[in-house]
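J.: First to last, the sequence lines map onto chains A and B.
Its first residue numbered 1, the first sequence is counted upward by one per residue in UniProt numbering.
Its first residue numbered 1, the second sequence is counted upward by one per residue in UniProt numbering.
Simulated from the structure, these hints should not be mistaken for laboratory data.
Yeah, the Cβ is synthetic: ideal placement off N, Cα and C, and Gly gets one too.
Misleading hints may appear alongside valid ones.
Said to hold, decoys possible - Only some residues are given here: those of chain B computed to face chain A with a beta carbon under 8 angstroms:
| id | residue |
| --- | --- |
| 1 | A19 |
| 2 | V43 |
| 3 | G142 |
| 4 | A232 |
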Amino acid sequence: MAIRFLLAVWVGKWTQTLLHLLGKNATSLPGKIALRLAPDVIARLGRQLERCVVVTGTNGKTTTANLLSSMLKQTGPQITNAEGANLQQGLTSALLADTTWFGRLRKKSAVFEIDEATLPLVAKHLPIRVLAVTNVFRDQLDRYGELDTTLEKIMAGLNQTEAVAVLNGDDPLARHIGRQSGNRSVYFGMSRSMARAEVRDQMRDGAFCLSCGHELRYDGFFYGQLGLYVCPACDFFRPLPDFEGTMVNQRLEVRQGSLPTVVYDVPVRGMFNLYNELCAIATARMCGLTADQISAGLRRFATPLGRMQVYATSPVSILNLIKNPTGCDGVLQAIASEPGPKVLCIAINDQAADGRDVSWLWDADFELVPEQLDAVHCVTTGMRAEDMALRLKYAGYDTTHIHCDPELSSGIHHAFTLAAERGGLPVYIIATYTALYPAAEILNRKVDHDEPAPLHRASVS
Amino acid sequence: MSQRLCIAHLYPDLLNLYADKGNILTLVRRLEWRGIEVEVTEVPSGSEPRLQDYHLVLLGGGSDREQALVGQTLRTKRSEWQAAVEDGLPLLAVCGGYQLLGHFYQLPDGTKVPGLELLDLETVAGSPRLIGNIAIDSPECGTIVGFENHGGRTTHRHAPLGFVRQGHGNNGQDKQEGVRYKNIVGTYIHGPLLPKNPRLADFMLGLSLAYAGINAALEPLDDRMEEAAHEAFLTRRIGG
């Protein structure tokens, strides 16, 4: 078996080297090949680790894991799957990149984001000390009818470890994991002062108690199903957060028990990213990091591509990835929470990596655009620009302010022209996967050629 | 006589796999733009719709398991459904909802999930799934475009909704897609079926207004964006 293992390592590493030489993405294929040659490659590499920290959940895995890895790097080198390849082959590829030709790991500590369904398959092979669950979104689960299976998979994974679970206490579904699991759990959550009285109806439908089935009562909402919930029929309620976050003057105050409150920078934008940051801080704390180490990690953090990523174009632009209705709604809400008028540019492609079927555009909450987003113009672009324009029309957006141009480059340029004509409004670009990279290139070129704009902008309210 | 068009969306909690919301939204907006009052009732799973309260019923798509559940509920009122359909109740059924209108849906293991038996139609699970962009020519509604994704092969002895220009249709064999019977429209072209096919949307609305006895004309709308999306799909996704 050792021979097969070494063969898998060699072939995997050669594949990695080859892909790098070709300038190709090597986050998945090398691991896939290695796993085929030796299915126990994760177990053999994993047992060489001394500590592994894992992030799972429906949304925010990549950002949270990247924030966390930036913090943990203050304590020593970390193996990570930073590009978000979070299935078995992605984990294997990340491990192989830090493996010698003799099958020895060079680093002893790892931060991984792991897909919910992959977690129970790999949990027993990794020395997971802390496991964070960002959130478990019900509307996505309902869509696939897999509510119970996803929760069960996370719990099945957690139960194979002795990890401390760091859970989103504002999310009733994540809270359920804490109540069912035998592992020690700590909760993070926002302070009551940040809750809003009402939230859009469609975002919270189906918030039922998982213990008794009764409809949950909410005293306030943060976003989606996240809020101050309590079951009127049983003893299921939102726990008092062990790590409580409050946004004060564009910075995040974190209160942890009776310890002094610590104020952190916010290198990310949007309410959902604030949760990701709070989750990462709580997890880092459970790993034993000091507030200074966490702050240093936050300062060194670079926003991953397309996660409310700011470009110093003129006018300023912010790029976001959308790929499913839940994620899209989070992005739209984040943009809506940024004050002032803006230009919105939506790039929709329908290649294999995006999904050939764009039906999901009709499940996403584009009604937010006319109702709350304050977009004075909308440009729709990409291969399905016309479908997107139609979606905005039926969402109730004024059609005279829609400009439709399927060609990505001229569509984006038109958005900048409209923004400049209006005195330099910010341009928010949201794009599906295959439109994201070309959009980023266009924005990078605009940064090089245009006068840079000041980056001091109001962040989330 | 009520001057409000009442639409029932059946079991959105079970059958809402493919953006049925887009179809409802299209119907509602196209009535609102013409100043016709409309009310949509979402009928949740477990409860039975009072068919006499509605002028248009929408049945969406779901997975096999959910579809079987819905079938069971609906079958208890089969005779009422049959009477309503024969009386001309407009019914738009997509994917799973479409399959439910027939005698049965035969699963890969041979089990037959009984349907509502409103149509002389049956469906047998097949492999591979029939997935992709589709365009059909419909005698009543012109070209209809969209996306299909179904394992079932459906055959029936009624008129089809249209004839396949590109794509698979009912069974991938006979070049037929969907079904037309009385005021029923059944199809595998899933959401968003209606936004890009305004003629079909207005066809359903016309049937429903007549059934409701509402004396309102369907004035032409500014459909340039709808037509642009329809045409772009035909040229770029179907190829002429």
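J.: Hint by hint, say whether it matches the structure.
T.: Results of checking the hints against the structure:
1. A19: Holds - the Cβ of A19 of chain B comes within 8 angstroms of chain A, reaching about 4 angstroms at its closest.
2. V43: Hint on V43 of chain B: violated, closest Cβ of chain A at ~15 angstroms, above 8 angstroms.
3. G142: 17 angstroms, violated
4. A232: Check passed: Cβ of A232 of chain B comes within 4 angstroms of chain A, closer than 8 angstroms.
Figure legend: structure checked against the earlier numbered hints; hints not met, in rising order: 2 and 3.
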